[in-house]
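There are 2 protein chains.
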Amino acid sequence: MEYIFSDRVQSLKPSAIREIFKYAADPSVVSLSAGNPAPEAFPVKEIAEISQRIFAENPIAALQYSVTEGYTPLRNWLTDYMKNKHNVGSESDDILITSGAQQVMDLVSKAVLNEGDVVICENPSFIGSLNTFRSYNARLVGVTVEPDGMNIEQLEDVLKNEPKAKFIYTIPNFQNPSGVTMSLAKRKAVYELAKKYGVLIIEDNPYGDLRYSGEFLPSIKTFDTDGIVIYSGSFSKVISPGMRVGYGIAPKPIIQKMVVCKQGQDVHTNIWSQLVCYEFLTKYDFDKHLENLRNIYRKKANFAMDLLDKYLLPRITYNRIDGGLFIWCDLPENVDVNKFCMDAVQNKVCVVPGTAFMANESDVTHSFRINFSTPTDEQLEKGIKILSTINF
Amino acid sequence: MEYIFSDRVQSLKPSAIREIFKYAADPSVVSLSAGNPAPEAFPVKEIAEISQRIFAENPIAALQYSVTEGYTPLRNWLTDYMKNKHNVGSESDDILITSGAQQVMDLVSKAVLNEGDVVICENPSFIGSLNTFRSYNARLVGVTVEPDGMNIEQLEDVLKNEPKAKFIYTIPNFQNPSGVTMSLAKRKAVYELAKKYGVLIIEDNPYGDLRYSGEFLPSIKTFDTDGIVIYSGSFSKVISPGMRVGYGIAPKPIIQKMVVCKQGQDVHTNIWSQLVCYEFLTKYDFDKHLENLRNIYRKKANFAMDLLDKYLLPRITYNRIDGGLFIWCDLPENVDVNKFCMDAVQNKVCVVPGTAFMANESDVTHSFRINFSTPTDEQLEKGIKILSTINF
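Residue numbers (the working numbering), protein chains in the order written: chain A, 345 to 736; chain B, 345 to 736.
Any given hint might turn out to be false.
Remember, identical chains collapse to one label, so a pair may be satisfied in a single copy or spanning two.
[Unchecked claim] Keeping only pairs whose Cα atoms sit at most 30 Å apart, straight-line, the calculated DSS-like set for lysine-lysine is: (1) Lys596 to Lys366; (2) Lys389 to Lys627; (3) Lys726 to Lys683; (4) Lys389 to Lys729; (5) Lys508 to Lys539; (6) Lys643 to Lys389.
Rather than coming from a laboratory, the hints here were simulated on the basis of the structure.
Working from the sequences, and respecting the hints, build out all of it.
Okay, structure coming up:
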């Protein structure tokens, strides 16, 4: 039979980085291309304890069907925590527990995007989210990321010229892949522009808790007196990504539609994971755990930046980071980044070419992304040394 | 802000049964409306053991990011098991682990349905799947369910008259909600018609292992020499629904598209659950466990049918069942089933009106569904006694 696929998936092409990742599967290749939390960052002992307790005390609650909205005590705790600690969420908002934050992007897209609608995103931006938007046949329009976040004039130009724009997608803290943190002034400007032009904002904040230097900045959601911001949080980087637990905090009418969509997608999020997160957040010292994570990643990030200074500067430059898991490295403008990355993988180190993160294939970039959370120190040094030997 | 939702979710109306379920939240109401496995059917001890072992031996594997396709040993084991035990799957097929079987419906819909395409379903059918198809703006066309499955002439008429039909959705074993099992002759006829008219089949089989009487019948997927059947399996009824682990076995090009869609939806299925399922299937006696489940449900089903015979016959009739979790009860044709169910819930027993399961709101039914797996024997007897007192 000849299979005829839907328009939306016909337009999804295999990613240009697939070819590179094929090489990366070779165990002799040093991978600086993933985005996995460091193995030492998982609260293994605590999760094991909690899990054992759940199965001893109330196993059916961890195994039976549950509600689509999410485990009620977890929702209530998160609502209070996000309000009290980060001023995120209001009486007009509701919270939905999702199967990872990726599902927030999917459910919002499903709820608001019609074919041909426009999503405005940072350029570069997280490929997983971009692909989700593409899978709903949205047209992506990228706005250049500067060292303090989106170029605001460019954003306003896009808003003026794209009447079908539905939302702005932003990762304000330690953006993936650029590592950039949006300034407070720009956070406010993005909010005001979204309000002025009647579009929503998805504020994706998976790395916010992983700030290891510099000053904490408030979320865009804290300005949201107009009910236009969908805040997306995740436990993937602070507890465990394999559990797939994230959450969305958004105006009630939007959460209601997301719930209906989630019902048809996976009924509810794995309930054991939700119980484990709830117990970990409420019966252990979460703040101390976060401090521990920040110490782990600060050390790893500084080690990575020292290696970059030692081996790559000045041939390859980069932006120093204050948090998150990624460093964005810039090649000279005459260098083809795809060729550089292909040469690198053939020399046994895998990094991701910036082209993978661009809103459109034709958008030009001379940068690549390295991840320092997954490799060991030895692997990282070996990988960066190899990068220094690539000819261009 | 006034929220403008996508066309696809604007057409999703709150279900007519919501009003009834509101009453059912009252703990004094006996609920015969759910579809939860019996609490005594969960392999609690084994899951606790496995979980403890995982966290002692290889915790990072249960907590780290994993691959979209699913845990490779589980995929391999299931591929062999389904082939050897049920003759399901071939060299042309692949397997995808999903976050519950509901996600199979969603991913297939996303991969093949364009706006205005037609899905042919049994009438009545499982509301969860119907709502998923609706959420992709498909038009549902129902085919009457007879005591041996779909009316085949009607199915051919629909196929002739609906050139935009993309797939036939069927639950051949102990169908939800009708309890009907499709005969072997009709399974073959449905396959031949799908082939003749160039449409796919989704064969949804969550209850197949729960046959407690009568003869085992082969899956439609066993005839699939033409690569037109997507088989959907689930561990929700045989291990745990809260874990959200299901799977699709389908022609490779279809699985490839489903993988791309799943990547954007939830990246991968909770990996702890996949490890638990794999360990349970391979290190414990799964056949014996299934036999135990069949004994539990056989007893409960017979108890339920005895109560129906005693209290409801001949005013309310029903079809005897050989498996599954539901019994479909028929009211006389002059009775308004929605009013009956509303009267019932006001008298403290909740059953689901057949109207909830129809392909279209205008489709007429005089039936309601009862579930016997979730309530205790006492609750079941109390509920059915109340039903016998409802005037009509």
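Now for the hints, and whether the structure bears them out:
Taking the closest pair of Cα atoms, lysine 596 and lysine 366 come within 30 Å of each other only across two copies (19 Å); inside a single copy the shortest separation is 43 Å, beyond that limit. Taking the shortest Cα distances, lysine 389 and lysine 627 sit within 30 Å of each other both inside one copy (13 Å) and across copies (24 Å). Taking the shortest alpha-carbon separations for lysine 726 and lysine 683, only the intra-copy value of 20 Å comes in at or below 30 Å, while the best inter-copy value is 73 Å. When the C-alpha separation of lysine 389 and lysine 729 is checked against a cutoff of 30 Å, the pair qualifies neither within a copy, at 35 Å, nor between copies, at 51 Å.
Taking the closest pair of Cα atoms, lysine 508 and lysine 539 come within 30 Å of each other only inside a single copy of the chain (15 Å); across copies the shortest separation is 41 Å, beyond that limit. When the C-alpha separation of lysine 643 and lysine 389 is checked against a cutoff of 30 Å, the pair qualifies only within one copy, where the shortest distance is 22 Å, while the shortest distance between copies is 42 Å.
In this structure, the one hint that does not hold is number 4.
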